[in-house]
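Q: In case you want the letters, here they are:
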Amino acid sequence: KQEVTQIPAALSVPEGENLVLNCSFTDSAIYNLQWFRQDPGKGLTSLLLIQSSQREQTSGRLNASLDKSSGRSTLYIAASQPGDSATYLCAVAGNTDKLIFGTGTRLQVFP
Amino acid sequence: SQTIHQWPATLVQPVGSPLSLECTVEGTSNPNLYWYRQAAGRGLQLLFYSVGIGQISSEVPQNLSASRPQDRQFILSSKKLLLSDSGFYLCAWSGRGTYGYTFGSGTRLTVV
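Chains A and B supply the protein sequences, listed in that same order. If you want our numbering, it's the 1-based position in the first sequence plus 348. If you want our numbering, it's the 1-based position in the second sequence plus 1056.
Certain hints may be false.
Which chain B residues face chain A? A few, computed with CB under 7 Å, are given here [stated by the list, open to error]:
no., residue
1, W1063
2, G1099
3, L1103
4, L1138
5, G1160
Calculated directly from the structure, the hints in this document are not laboratory data. Beta carbons: idealized from backbone N, C-alpha and C, even for Gly.
Taking the hints into account, I'd like the entire structure generated from these sequences.
A: Written out as structure tokens, the structure is:
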């Protein structure tokens, strides 16, 4: 059974810092990995989707990497801003096309 | 472009009352559809998924049911709500072969 873990559970940093959020999964037989952002009381916004054949994806200040063999992904946020404050969720999809989520990293960036 | 609509945004219901949450997708055909629940302080749990009209798979035994009467419509129901049904319900869709998920804005359900 696939299990997804995210570390740290919470993170509070001053504005301008570069951040690394970690995601690990137990079954390396995945089709893709997706990073989401969730603001309080809101739905999920997709940030980056990495197919199993890819090593990384970039969007603006965000970069996500995937090491399928070791069951790890990292989300790198460059030059963090207060507007980046949210919960970040990692999720993996296997051959059943069902998305399994981690419990998230709650990020607070203060001015 | 594809869009997903979910309603209502918030709902307060008494214990024992029925429930119906609706989700519709536009701009795509034959999507995979999903219902997730996020309980307070907990992660996202997959409740139901559907790969086609009338095809529903349940992930966990519970007080809820799902139906897909049309290709782009997914409904979450309950005949009698329990306090433990409170939570944030999210609908999502994915296209076949693309594997990326898109989520709706969610419904905050409080059972009192």
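Q: Which of the numbered hints are not met once you compare them with the structure shown?
A: Numbers 1, 3 and 4, in rising order.
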